[in-house]
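Novice: This is what each chain is made of:
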Amino acid sequence: MDDERESLGVNDPLRAIFKQVGHHEAPLHLEELVLAKLGTPVLQVNAEPLISRSGWIIGGLPVALLVLYALRTPTVPDTATPYYFDLVKVMGSSQFLTVITSPWAIAALMIVTLFMLLDRLIGTRMAPEMVN
Amino acid sequence: MEDHLAIARTLSGDTRAFGVLIGRYQNMVQTVTGRVLRNRMDAEEVTQDVFVKAHQKLKEFQGQGKFSTWLYSIAYRTAISALRSKKDAGRSLDELQAHGSEPMEDAVEPINERREQLEMALGKLDPEDAAMLTMFYLEEMSVEEIVTVTQLSASNVKVRLHRNRKKLLALLQDQLKNELWTMSARA
Chain S
1 MDDERESLGV
11 NDPLRAIFKQ
21 VGHHEAPLHL
31 EELVLAKLGT
41 PVLQVNAEPL
51 ISRSGWIIGG
61 LPVALLVLYA
71 LRTPTVPDTA
81 TPYYFDLVKV
91 MGSSQFLTVI
101 TSPWAIAALM
111 IVTLFMLLDR
121 LIGTRMAPEM
131 VN
Chain L
133 MEDHLAIART
143 LSGDTRAFGV
153 LIGRYQNMVQ
163 TVTGRVLRNR
173 MDAEEVTQDV
183 FVKAHQKLKE
193 FQGQGKFSTW
203 LYSIAYRTAI
213 SALRSKKDAG
223 RSLDELQAHG
233 SEPMEDAVEP
243 INERREQLEM
253 ALGKLDPEDA
263 AMLTMFYLEE
273 MSVEEIVTVT
283 QLSASNVKVR
293 LHRNRKKLLA
303 LLQDQLKNEL
313 WTMSARA
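As they're listed, the protein sequences go chains S and L.
To convert, note that position 81 of the first sequence is 81 in my numbering; the numbers rise steadily by one, no gaps.
Throughout, my numbering is defined as the position within the second sequence, counted from one, plus 132.
Among the hints, erroneous ones may be present.
[What the hints assert, rightly or not] DSSO-like, lysine-lysine: derived pairs with alpha carbons at most 30 angstroms apart:
id : chain 1 : residue 1 : chain 2 : residue 2
1  : L       : LYS298    : L       : LYS189
2  : L       : LYS290    : S       : LYS37
3  : L       : LYS191    : L       : LYS256
4  : L       : LYS219    : L       : LYS189
5  : L       : LYS185    : L       : LYS298
6  : S       : LYS37     : L       : LYS299
7  : L       : LYS218    : L       : LYS298
8  : S       : LYS37     : L       : LYS198
9  : S       : LYS37     : L       : LYS218
10 : S       : LYS19     : L       : LYS290
11 : L       : LYS189    : L       : LYS256
12 : L       : LYS191    : L       : LYS298
13 : L       : LYS290    : L       : LYS256
14 : L       : LYS218    : L       : LYS185
15 : L       : LYS185    : S       : LYS19
16 : S       : LYS19     : L       : LYS198
17 : L       : LYS256    : S       : LYS19
18 : L       : LYS219    : L       : LYS256
19 : S       : LYS37     : L       : LYS189
20 : L       : LYS290    : L       : LYS198
21 : L       : LYS298    : L       : LYS219
22 : L       : LYS218    : L       : LYS256
23 : L       : LYS198    : L       : LYS185
24 : L       : LYS189    : L       : LYS218
25 : L       : LYS299    : S       : LYS19
26 : S       : LYS19     : L       : LYS298
27 : L       : LYS219    : L       : LYS185
28 : L       : LYS299    : L       : LYS191
29 : L       : LYS185    : L       : LYS299
30 : L       : LYS256    : S       : LYS37
[Unchecked claim] Among chain S residues calculated to face chain L with C-beta under 8 angstroms, some are:
id : residue
31 : LEU14
32 : PRO27
33 : GLU31
34 : ARG120
[What the hints assert, rightly or not] Covered stretches of chain L, as calculated for chain S (at least 3 residues, CB under 8 angstroms):
id : segment
35 : 155-161
36 : 257-265
37 : 292-303
Calculated directly from the structure, the hints in this document are not laboratory data.
We treat Cβ as the ideally placed atom computed from N, Cα and C, and that holds for glycine.
Sequences and hints are given; from them, build the entire structure.
Specialist: Printed below as a string of structure tokens:
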């Protein structure tokens, strides 16, 4: 390696010029600028869905059951249907069932589900991008 | 704080320890980005990116070679990549080299006449060659280290160093005239 350096002129005047001129000056506050940019990875740790997998199971199961029940319940309550009355007993109030099976309640549930899906999507899609 | 200690602390989550490395190598990185890009604004931006990349890839640094050489590789490749992006964006490499013949307004701070002369002469060379000469003469890197940084073959590096050394000397001779030979005699 020394031979290579010698052959390329280790004592050459260019070395003296380069040394004399030295380095370019880095921008002021570079450290702060870089560390501010490095603040981004902290976000990537938090870029997880707001609702965890277990949250989905705990929250989603009753919702799914309610939606299933709502779909199976006739619009006009059929008092002759035995399972309807059994569930009313379980739920404790027929008024509750009327509310939960109303189009407003179903729409609200659908909106909540939509937002949960959106949260999941953003969480899973955004996190890898932030890492890279 | 030694490099290896700062690296270990950074890896253990102490971002401030990375600040020590930034402070130590910022001018070195700024020099290579500046010599390749020949525009201070672009070089400053790329310098920031270099340190961000280095932080993200720090786990990959095995500690076998010098940290400065590893960082220099990132700086060189990021600058070359930024230069190519510029080229793709419409500013051709030739155009940049042509601009290099006259120092761009914001290319370098006119700290002194000699710096201007050197930057002007380096501006007439290919940006990769200008960076290579900087590695060799300013950073005192060995051919082996330059090979690591540039990913070129050793023979290619040597040929380019020889060829561009001659070119640079010829360019500076016009500007510095006899001064070069006085310096040579002193060395």
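Novice: Against this structure, judge whether each hint is valid.
Specialist: Going down the list of hints, with the structure as the test:
1. L:LYS298 with L:LYS189: violated, 37 angstroms
2. L:LYS290 with S:LYS37: At roughly 38 angstroms apart (the allowed maximum being 30 angstroms), LYS37 of chain S and LYS290 of chain L break the hint.
3. L:LYS191 with L:LYS256: Given pair LYS191 of chain L, LYS256 of chain L is violated - Cα atoms ~38 angstroms apart, limit 30 angstroms.
4. L:LYS219 with L:LYS189: holds, 27 angstroms
5. L:LYS185 with L:LYS298: violated, 35 angstroms
6. S:LYS37 with L:LYS299: violated, 40 angstroms
7. L:LYS218 with L:LYS298: At roughly 29 angstroms apart (the allowed maximum being 30 angstroms), LYS298 of chain L and LYS218 of chain L satisfy the hint.
8. S:LYS37 with L:LYS198: holds, 25 angstroms
9. S:LYS37 with L:LYS218: Roughly 23 angstroms separates the two Cα atoms, so the pair holds.
10. S:LYS19 with L:LYS290: Cα-Cα ~21 angstroms, so holds.
11. L:LYS189 with L:LYS256: Violated, because 33 angstroms separates the two Cα atoms, which is more than 30 angstroms.
12. L:LYS191 with L:LYS298: Not OK: LYS191 of chain L and LYS298 of chain L at ~40 angstroms, beyond 30 angstroms, violated.
13. L:LYS290 with L:LYS256: Roughly 19 angstroms between the alpha carbons, so the hint for LYS290 of chain L and LYS256 of chain L holds.
14. L:LYS218 with L:LYS185: Roughly 19 angstroms separates the two Cα atoms, so the pair holds.
15. L:LYS185 with S:LYS19: holds, 28 angstroms
16. S:LYS19 with L:LYS198: Holds - the C-alpha atoms of LYS198 of chain L and LYS19 of chain S are around 21 angstroms apart, at most 30 angstroms.
17. L:LYS256 with S:LYS19: holds, 20 angstroms
18. L:LYS219 with L:LYS256: holds, 17 angstroms
19. S:LYS37 with L:LYS189: Roughly 15 angstroms between the alpha carbons, so the hint for LYS37 of chain S and LYS189 of chain L holds.
20. L:LYS290 with L:LYS198: Holds, because 21 angstroms separates the two Cα atoms, which is no more than 30 angstroms.
21. L:LYS298 with L:LYS219: Holds - the C-alpha atoms of LYS219 of chain L and LYS298 of chain L are around 27 angstroms apart, at most 30 angstroms.
22. L:LYS218 with L:LYS256: holds, 18 angstroms
23. L:LYS198 with L:LYS185: holds, 17 angstroms
24. L:LYS189 with L:LYS218: Distance of about 24 angstroms is within 30 angstroms: holds.
25. L:LYS299 with S:LYS19: Holds. LYS299 of chain L to LYS19 of chain S sits at ~19 angstroms (cutoff 30 angstroms).
26. S:LYS19 with L:LYS298: Measuring from Cα to Cα gives roughly 18 angstroms; hence the hint holds.
27. L:LYS219 with L:LYS185: holds, 22 angstroms
28. L:LYS299 with L:LYS191: Violated. LYS299 of chain L to LYS191 of chain L sits at ~40 angstroms, over the 30 angstroms cutoff.
29. L:LYS185 with L:LYS299: Violated, at roughly 34 angstroms.
30. L:LYS256 with S:LYS37: violated, 34 angstroms
31. LEU14: For LEU14 of chain S, the interface hint holds, since the closest Cβ of chain L sits about 5 angstroms away, which is under 8 angstroms.
32. PRO27: holds, 4 angstroms
33. GLU31: With a minimum Cβ separation of about 5 angstroms from chain L (threshold 8 angstroms), the hint on GLU31 of chain S holds.
34. ARG120: Interface hint status for ARG120 of chain S: violated (26 angstroms vs cutoff 8 angstroms).
35. 155-161: It holds: at least three residues are needed, and the segment 155-161 of chain L offers 5 whose Cβ sits within less than 8 angstroms of chain S.
36. 257-265: violated (count 1)
37. 292-303: That given contact holds, which follows from 5 residues of the segment 292-303 of chain L lying within Cβ reach (below 8 angstroms) of chain S.
In this structure, the hints that do not hold are numbers 1, 2, 3, 5, 6, 11, 12, 28, 29, 30, 34 and 36, in rising order.
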